[in-house]
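Visitor: If you want the building blocks of each chain, they are given just below.
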Amino acid sequence: MLKYFLKRIFQVIPVLFLCSVIIFSLIRLIPGNPALILAGPDALPEQIEALTSELGLDKPIIIQYFIWISNVLMGDFGSSIINGYPVFKLIGIKFIATLELAISGLIISILISFPLGILSAIKRNGFIEKITTIFVALGQAIPTFWLGILLVLVFSIKLRWLPPSGRIEFSQNPEIAFKLILLPAFTLGVYTASVLTRFLKTSVLEILNSDYVMTARAKGLSEWTVIIRHVIKNALIPFVTVLGLQFGAFLGGSVVTESIFDWPGLGRLMLQSIHTRDYPVLQGTILVVVFGFVIVNLLIDLLYSFLDPKIRY
Amino acid sequence: MNIKIKLSIILLILIVVSAIFAPLITPYHPLEIQKGKQFLPPSLTHYFGTDEFGRDVFSRTLYAGRISLLAGFVAVILSAVIGVPLGLISGYYGKIIDTLIMRTMDSLLAFPALLLALSIVAVLGPSSVNAMIAVSIVSIPNFSRISRAAILTEKGKDYVEASVSIGASHKRIIFYSILPNCVGPILVQITIAVAFAILVEAALSFLGLGTQPPEASWGAMLFSGRGYLRQAWWYAFFPGLFITLMILTLNIISEVVRDKLDPTTIN
Numbered sequence: 000m001l002k003y004f005l006k007r008i009f010q011v012i013p014v015l016f017l018c019s020v021i022i023f024s025l026i027r028l029i030p031g032n033p034a035l036i037l038a039g040p041d042a043l044p045e046q047i048e049a050l051t052s053e054l055g056l057d058k059p060i061i062i063q064y065f066i067w068i069s070n071v072l073m074g075d076f077g078s079s080i081i082n083g084y085p086v087f088k089l090i091g092i093k094f095i096a097t098l099e100l101a102i103s104g105l106i107i108s109i110l111i112s113f114p115l116g117i118l119s120a121i122k123r124n125g126f127i128e129k130i131t132t133i134f135v136a137l138g139q140a141i142p143t144f145w146l147g148i149l150l151v152l153v154f155s156i157k158l159r160w161l162p163p164s165g166r167i168e169f170s171q172n173p174e175i176a177f178k179l180i181l182l183p184a185f186t187l188g189v190y191t192a193s194v195l196t197r198f199l200k201t202s203v204l205e206i207l208n209s210d211y212v213m214t215a216r217a218k219g220l221s222e223w224t225v226i227i228r229h230v231i232k233n234a235l236i237p238f239v240t241v242l243g244l245q246f247g248a249f250l251g252g253s254v255v256t257e258s259i260f261d262w263p264g265l266g267r268l269m270l271q272s273i274h275t276r277d278y279p280v281l282q283g284t285i286l287v288v289v290f291g292f293v294i295v296n297l298l299i300d301l302l303y304s305f306l307d308p309k310i311r312y
Numbered sequence: 000m001n002i003k004i005k006l007s008i009i010l011l012i013l014i015v016v017s018a019i020f021a022p023l024i025t026p027y028h029p030l031e032i033q034k035g036k037q038f039l040p041p042s043l044t045h046y047f048g049t050d051e052f053g054r055d056v057f058s059r060t061l062y063a064g065r066i067s068l069l070a071g072f073v074a075v076i077l078s079a080v081i082g083v084p085l086g087l088i089s090g091y092y093g094k095i096i097d098t099l100i101m102r103t104m105d106s107l108l109a110f111p112a113l114l115l116a117l118s119i120v121a122v123l124g125p126s127s128v129n130a131m132i133a134v135s136i137v138s139i140p141n142f143s144r145i146s147r148a149a150i151l152t153e154k155g156k157d158y159v160e161a162s163v164s165i166g167a168s169h170k171r172i173i174f175y176s177i178l179p180n181c182v183g184p185i186l187v188q189i190t191i192a193v194a195f196a197i198l199v200e201a202a203l204s205f206l207g208l209g210t211q212p213p214e215a216s217w218g219a220m221l222f223s224g225r226g227y228l229r230q231a232w233w234y235a236f237f238p239g240l241f242i243t244l245m246i247l248t249l250n251i252i253s254e255v256v257r258d259k260l261d262p263t264t265i266n
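Protein sequences, first through last, are from chains U and X.
Numbering that gives the first Met the number 0 puts the first residue of the first sequence at 0, with every later residue one more than the last.
Numbering that gives the first Met the number 0 puts the first residue of the second sequence at 0, with every later residue one more than the last.
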């Protein structure tokens, strides 16, 4: 087990390294001298030259990469071209908003998929299964951005139940904060909910046909005891894994969702930095998000092998 | 074939045909600005209403379909043309070549898809062609992985050994002997990838990083329409409906193709 853990952790290092190289080169591929952008349009040639050597832009590209990555590893992501704010701090502030949204989206997707997935597998060919089939097909087809727009149209503009956009801290006013997060969380959670529902339904069906469920029934256990003690418990392990794997969809979806609902998180920060050509911010945000994604995937993988006694390496 | 699949195929053909023959079907030119006709609700003269410049949303939606569909198909063809040979070479030669190619693919896959596409567009600059390039780069790793897996199972078979023994070149063995036997999974991946490509292009355009006005793709129409939700719900509604129908039908069809080609699933 320990050997497997170490092996998986070592496998991640080259991937992280390559990712950082990709991110570094992507930003360097942008035409134009970064010093020129930093110095502004009115800068004198001497100023630009000074800035170029200060930023290390006159050094070979490989050296530049190592300067950048060692700074990054020490928590120095540079500072924003637009307002001079340290990128690391900026990401820290926005990260909380994105995390809040991601967790709420996760909760919503569990609240939808858990009952739908299990009930539709238990009561086949019923009303719930029909609803589930439609939900799964639609949930995977409706683009996040259109769903968000529809929700705003219905719940904010027509019914006036919920505010269309913005975010405040839960500590300030829990009721308004809750109302504000409801639509974005739902928008973000629906796709994942449909994936999870489909997955949970298949695995519950599989378990219901297995020998140990037959044994449990033959013992004379009531149907609900069988379902809770044997079926749900065993369906949970793969469920957790798929949930973890959906983290990437959350990160991608959060860019779109945050843009619709003016949610001040990492996704919107990234989009703003693209529009304002604020490359240090862009570079830092992508790096944090991608590293976070890789590490979460690794943790899920390790957790899975730990939880499931059938897997022995 | 059940009713669901028939309906999907009919709907898909309708959308594609209406996009291709948009100039023959649409009652107005997509860029025709009509003064005093801003934000008219859907009616018999304007089926999907009009936008902030009095342009006909129905005509624009059909024309937008041309860009969205073209972007989707071109991106997928591009990524298949690059991704499949990479995967085949990787699986055929193995060792260092395999490690180099597949580690690179792994790190591309380590990016959430939309983020990678966003970053690429950030570098290239926002436009519909650049969005297409970004989408195709994002789709490459899946094609490589699938064709690599396919060639690994084919490589050990007798017909490959026969080709080797009659002295065929590696190129000939990979592309003439083995590739035709790997077409199944690649075909399934193409149907999945088209839906994905249309979706990502739409997302990029929706964020203002894809197709630029006055040109319209479905995503770009949503981008402008979301600013007028209070005045004109139809502006953002219809393009989104078209994207959803497109993805829905492609998803259903790709599932059928997969079941047909996979001998382990029995209907």
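In short, the hints are calculated from the structure, not lab data.
Treat each hint with caution, since some may be false.
Simulated restraints on C-beta separations [said to hold, decoys possible]:
id, chain 1, residue 1, chain 2, residue 2, range
1, X, Tyr158, U, Gly219, 53 to 63 Å
2, X, Arg229, U, Ile95, 24 to 34 Å
3, U, Ser69, X, Leu69, 29 to 39 Å
4, X, Thr98, U, Pro59, 42 to 52 Å
5, U, Leu306, X, Val16, 29 to 39 Å
6, X, Leu99, U, Gly55, 50 to 60 Å
7, X, Gly166, U, Gly55, 31 to 41 Å
8, U, Arg7, X, Pro84, 51 to 61 Å
9, X, His169, U, Ile106, 46 to 56 Å
10, U, Thr214, X, Ser164, 33 to 43 Å
11, X, Leu30, U, Lys122, 49 to 59 Å
Keep in mind it's a predicted model, so treat the numbers as computed, not measured.
Backbone N, C-alpha and C fix where the C-beta goes; we use that ideal spot for every residue, glycine too.
Visitor: Going through the earlier hints one by one, which of them does the structure break, listed in rising order?
Guide: Violated: hints 3, 4, 5, 6, 7, 8, 10.
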